[in-house]
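K.L.:
Residues per chain, in single letters:
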Amino acid sequence: MMHVGFFCLFVLSAVDVASSEKVCSFQDVLNHLNLTKNNELFYMTRPVKDHRLATDVSLDILLYAILDVRETDQTFIPYVWLVVSWQSQYISWNPKDFCGIEKVSIPQEVLWKPDLTIEEMIEKDRAPLSPHLTISSNGEVNLQNDLVMVSTCRMHVYKFPFDTQSCSLSFRSIIHPLTEIHLFHNSSSKEATKESKEFMRTQYEWLFNDIKIYTETTHSFGYDQDVIIFTINMKRRSILYIVNFLLPVLFFLCLDLASFLISDNGGEKLSFKVTVLLAVTVLQLILNDILPASSNRIPLIALYCIGVFSLMMLSLLETIVVMYLMRKDSEPQEDKAEKDRCLKEDKRGQVNFHNCEEAQQQPDG
Amino acid sequence: MMHVGFFCLFVLSAVDVASSEKVCSFQDVLNHLNLTKNNELFYMTRPVKDHRLATDVSLDILLYAILDVRETDQTFIPYVWLVVSWQSQYISWNPKDFCGIEKVSIPQEVLWKPDLTIEEMIEKDRAPLSPHLTISSNGEVNLQNDLVMVSTCRMHVYKFPFDTQSCSLSFRSIIHPLTEIHLFHNSSSKEATKESKEFMRTQYEWLFNDIKIYTETTHSFGYDQDVIIFTINMKRRSILYIVNFLLPVLFFLCLDLASFLISDNGGEKLSFKVTVLLAVTVLQLILNDILPASSNRIPLIALYCIGVFSLMMLSLLETIVVMYLMRKDSEPQEDKAEKDRCLKEDKRGQVNFHNCEEAQQQPDG
Amino acid sequence: MMHVGFFCLFVLSAVDVASSEKVCSFQDVLNHLNLTKNNELFYMTRPVKDHRLATDVSLDILLYAILDVRETDQTFIPYVWLVVSWQSQYISWNPKDFCGIEKVSIPQEVLWKPDLTIEEMIEKDRAPLSPHLTISSNGEVNLQNDLVMVSTCRMHVYKFPFDTQSCSLSFRSIIHPLTEIHLFHNSSSKEATKESKEFMRTQYEWLFNDIKIYTETTHSFGYDQDVIIFTINMKRRSILYIVNFLLPVLFFLCLDLASFLISDNGGEKLSFKVTVLLAVTVLQLILNDILPASSNRIPLIALYCIGVFSLMMLSLLETIVVMYLMRKDSEPQEDKAEKDRCLKEDKRGQVNFHNCEEAQQQPDG
Amino acid sequence: MMHVGFFCLFVLSAVDVASSEKVCSFQDVLNHLNLTKNNELFYMTRPVKDHRLATDVSLDILLYAILDVRETDQTFIPYVWLVVSWQSQYISWNPKDFCGIEKVSIPQEVLWKPDLTIEEMIEKDRAPLSPHLTISSNGEVNLQNDLVMVSTCRMHVYKFPFDTQSCSLSFRSIIHPLTEIHLFHNSSSKEATKESKEFMRTQYEWLFNDIKIYTETTHSFGYDQDVIIFTINMKRRSILYIVNFLLPVLFFLCLDLASFLISDNGGEKLSFKVTVLLAVTVLQLILNDILPASSNRIPLIALYCIGVFSLMMLSLLETIVVMYLMRKDSEPQEDKAEKDRCLKEDKRGQVNFHNCEEAQQQPDG
Amino acid sequence: MMHVGFFCLFVLSAVDVASSEKVCSFQDVLNHLNLTKNNELFYMTRPVKDHRLATDVSLDILLYAILDVRETDQTFIPYVWLVVSWQSQYISWNPKDFCGIEKVSIPQEVLWKPDLTIEEMIEKDRAPLSPHLTISSNGEVNLQNDLVMVSTCRMHVYKFPFDTQSCSLSFRSIIHPLTEIHLFHNSSSKEATKESKEFMRTQYEWLFNDIKIYTETTHSFGYDQDVIIFTINMKRRSILYIVNFLLPVLFFLCLDLASFLISDNGGEKLSFKVTVLLAVTVLQLILNDILPASSNRIPLIALYCIGVFSLMMLSLLETIVVMYLMRKDSEPQEDKAEKDRCLKEDKRGQVNFHNCEEAQQQPDG
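Protein chains in written order, with the numbering used here: chain A, 47 to 411; chain B, 47 to 411; chain C, 47 to 411; chain D, 47 to 411; chain E, 47 to 411.
No lab work stands behind these hints, which were simulated from the structure alone. Among the hints, a few may not be true.
Any copy will do: because identical chains look the same in the list, a pair fits if it lies in one copy or spans two.
As the list claims (entries may be wrong) - Computed cross-link-like contacts, DSSO-like style, restricted to lysine-lysine with a CA-CA straight-line distance of at most 30 angstroms: (1) K170 with K243; (2) K205 with K258; (3) K83 with K170; (4) K159 with K68; (5) K95 with K68; (6) K281 with K142; (7) K83 with K236; (8) K68 with K374; (9) K374 with K170; (10) K281 with K83; (11) K68 with K243; (12) K83 with K258.
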């Protein structure tokens, strides 16, 4: 009783004001719709009066930032602004009856929402959830939300660090077939690309190229479904990799080539070459941290490294062999020369090399 | 009163439309079932009218992606699509009474769900939960969900990096015995493998082989339970490990072997060999980061490393000893040769070596 | 019935106390306002009685701590104290009727709150949420909260480690246009800077400069919106980077320059220079961990490093070439000198060099 | 009205079936108990009718897996299956009245649960919570749950890597004294050990030894409390540490010892020894990542390392000093010998050493 | 109807038992207080009947463990047991009416709690929340909870690793001024220190010294507030840093000093010194990982390192210069000596040095 009484009182006070001019609050619209936290009509089922009607869900995204691209984990983390809107047949009012109110924003948990999933998403959205959504007098429901999507993406690192990556975000309903939820997008690929470029904040180490949007129909689990796929293309900024990785390796290769000019006689050539090889080994270790082991083909950069490594290896082996052969080659000559000299020395009565004694014993013996 | 009034109004407006043709909304079905957020009949207990009946729960999975396999943590992270369905005896309607509605999707929190646990799962599901489930006119409840399962898995790294891993996902009820919940799977191992291969997105560094499904009955905590075990077999892509780890170690072994050709006289042989040994030590440190310490048997790759290391060690020690012996061997000869030469020099009146003075003092003294 | 009865009892006991002096509890105010957990009037819609009125939201921040600035992730983590206040037209009481109560603190979940978003924020607030907010008799609602904001920020590392960073926090409503929510700030840039400096606890490795506050109007998604942008300027403390990175690299460059004094004859010059080069390579690896790859321009510090590296490289190559040329230059002379000497030796009857034999064969042949 | 009508209908249909045989659903039991989501009798207070009665809580654990043991963090992460059961005096029915139903499983949030805490646990349970618990006709409530417990544990690393660790899990009520909650365990230490060994899945790098269970009574915050302590003993698998750490260090020590055989004359001995010392330094760095700095006593392995390091250090210093002394020792002799020789040479008319000029100036001057 | 009937039945059965002796359950107290989940009297506002009365909140902590102290992040993570108690004027009963019940434990979410914040806390409490609190017949509410507090703390690393850190935990209300919530602590600094020492479990690498407690009144946001500050003092266990960092650096310095004994002639001195310098550089890199860059003063240990580094640098440069000067010094002498010798040789008819030819050409030309 008292509850009802209060309500009357409230209505009266509203009327009090309305004497001069009609004034409407948003709550009046909700009261008209009987839209409350607990009204299950709006929450429990797909909001169509005739179950044969499909719910059209429009879906648009705006790429805000590329937060991270992890090659080893094959993970792509974009920061995306998502706009979803659909029709609720239970929501409808005449704006004229409510002083022209055309839109009302209400807490998002009181309404049914399409059960969209992003197939590639492997973690819950990290960004805070938008608390409100907007309903319009014609029944349109509009939800805006920002998503930090930790998504899986098959990376193609064959041309690393000069690679271009394409990561997809595939939106589809989890359990509703095509006949119940129909997905479509408003903005074209071109518009989405243009807008994203305008709003883009940070791009990590990537240059955002474009977004491609297309719609597919998949058949899985026994029914057809609409899938909207947003494919984000981006190009790696390779300048720091060139400066910090490719150039040093190339420099060390040059050093190794230059080492052919070092004299074969002293031990310095060998120690020089092996130190340079060690430096390349250290640089190669960094590569392991960057590249994923998932590609069928060995990335060009790994081939580059192992190629440089092998070249140095071979030149090192060659140096060792050449030094060995030179030593072997000169030893018999030395032996012969020494024997000759020793013979001469005997004649001249002078000893210059201590191994003449042994050298003499052989021709004498 | 007003509430009821509104309801009448609503029904009337519905009737208004129904004059031409009968139109049904999904809410009508829920109203018929009296299925509301707060109806505890659907939520509190296992949905059987006769408590002696078991609830048959069918369970199928589709492997979407292998997100990570961490050897040191013994953790396996698959991304799995899970389809669970069971029978609720409190749900039943005649589709004919509702214009042919056969399925209704409703929020998942309003219904009882089987308390399935995955024994290996050591973290909460990271993926967002599916908000809806589907009920059918015959009482079947169907739940679809994607799970990022951080699960523990005993890794066998004996043959690393040429190893094949088998990781299991064991589904069972937490508290219901066999007589209450009966688990079974619809699709065979072959079908699950085929479908998973079709839908597979990323595979990390692994080649997915197949899924094996089998059902067990375990006895624990005093009662029998059904367990469905999905065993995922996969093979490691070892190419990058070969290129980045095995080859360099082998190369350094070759270098060490080649060093036998270096002359023993100069100091360069020793410094060359010890530098190569240092390079192998650096490479061996990486191994520590990859391999878990849990295996009873030492992995082959560790044996390979420590073997190469020991070989180099021994060859280094051998070089030192040989150099020592050669030095020891030549010293007495040199002493003798020198003394002889000094004697001759005295006769010939010439001094070539400064240590003749000392050498002479000994035979004289 | 019983429920109502109890309520009467309670009111009576309250009256009992009030006989001596009127005493008011905060609950009395809530009862007057009918503000309960479930009263949707306060929670569902924007609290204006006339929908044409905009809600003025004032917003002030106080920078408490700079928790982290990650250059590679382009992430900035400030710890901020946020004060938001707005007007609720449904809240109003006469303090005189309630013994002078002017403010009441209530749980924050019972009231509508503006849907503010921080555009740069990429993770949910990590700090615990403030459980209460304050309502005043004139309808003002005041919310205080501390936020740990993991926000994205485009870093300018060109002058690293002598750089100054500006990171923005842009507050705006998610779905309300300018006509519905009007944002403004009370304190000026100067006041906010002064207060923040006073309360600042930890600053990581940064020196906080100032906060700049300005308001913008953006047009996106078809409507105008107020945006308040707080720009935090801070300067890096570069002392440890100088001591631990710049100085060692400079030292190694000095060493490399000093190595020109080392004699070209022995092998020590080469091995010295290559070791110094290796040390610089190791130091350069650290740089990779610090710098993000996102800048268009190569940072000065990377140029410094690669410059030092290249200088050392060139001086090393030059040394090799010079040594080679000196060797080449002296060889023919030696050959000639030796031939001459050998001829003389023949006359004098003495052999000092073993290659006279070969040298002689050429003039003789 | 309609609501009640529906209910009657339902009862009637149930009666309809019951004509042949009485059939009971679990909901019937709950209806009998008046156990609903909102019945605060079951939820708000400790379920005893006489407040003087203590609630007996039995507690048993089964160790499922040892997920991680982090020495530096002093953290131990077991995966444990927990079975808790207690008596609720508000729950009681005659199974005969309900067709023999003896147990009903219900959602866990509707009942009061003992406020058990694990004193060592420093993070919320990571595993998903069990959604159901079981009530029996005699009032027993049974809760099963799997816990991933990130717990703090004082590690004893003195004997690392041959150490045995004991980590405790101490269960007690947070606010209830001994007179209100009495804790006990059913299974003995031996049984728990046996069962855990049977179910153990992964053990990280540890060999599980046994679980010891004992009950203590502590006095804190002014009242007595029962504490059940489960102590898990485990032994480290040290094989990989031996192979990857101890052996290499030992090998390098051998190398250092072997270096005494290298000739003191050339520079190779010094560079060999310093390179080996560098290799040990690199290995020692790994130790820093493994060992916590919390022990009062220096771990044996650190002593081993620093011992080997010091030995090498000393042998290196000794080598330098010996080389210095040998050089000093030979220099005066050489000087004398040279002077003598120069004198002789003058007589014999021959010059072999360029420093005779200077040497002569001294005796002449 | 049925509902009421059931209630009567229950009351009757209770009366049945009470015939022999009066028996009270805790629920009886709650019924008396009308304390239910939904009674907003207990939940919505500060529990005072007269709004002018302040709520006295007592606050005591017990330090359980020091879980982590991260110097680079300036983060301190203690594990603390918190006891908070305050007065609720709506809670009061006569224990005699309820068979002597003096305390009742109830779920913590049904009561108003003071909005305490810890100013330094930068992450939500990681430990599980205590589910219950205790109310007493005199209206006292007692809450116990364990908190894992990730808090920011300004570290003073000037004397690292011989430093003592003081980290504060400042408790204050978020929105209540001094006139509404009055904070105080029961136990003195001495008691808290003693108790904490008794219960301390793990201390990471720190030795806990003491807790200092003091109360401050701050003025911020326009009103006064009580702040209780707990300052935890602790001393670092520096033994492992000495063994693993300071000693090796010192050893390398000794080695560098000892290198003055090495002969300047061979190349080994230079390569020895540069290798030792490289080893110190590697050790210095570890320092970067430990020390935060936030201090105004360079830490002593960094000065120690850069000092040792500079000393070695200078001694290396000095060696190079000395070698250069010695070489320059001896060259002209050699030239002169050689010319002299060549002249003599011509007279004596003997050639010992090949460069006499060139040497002769100059005096002759």
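K.L.:
Among all the numbered hints in the text so far, which are the ones the structure does not match?
P.N.:
6, 7, 8, 9, 10, 11 and 12
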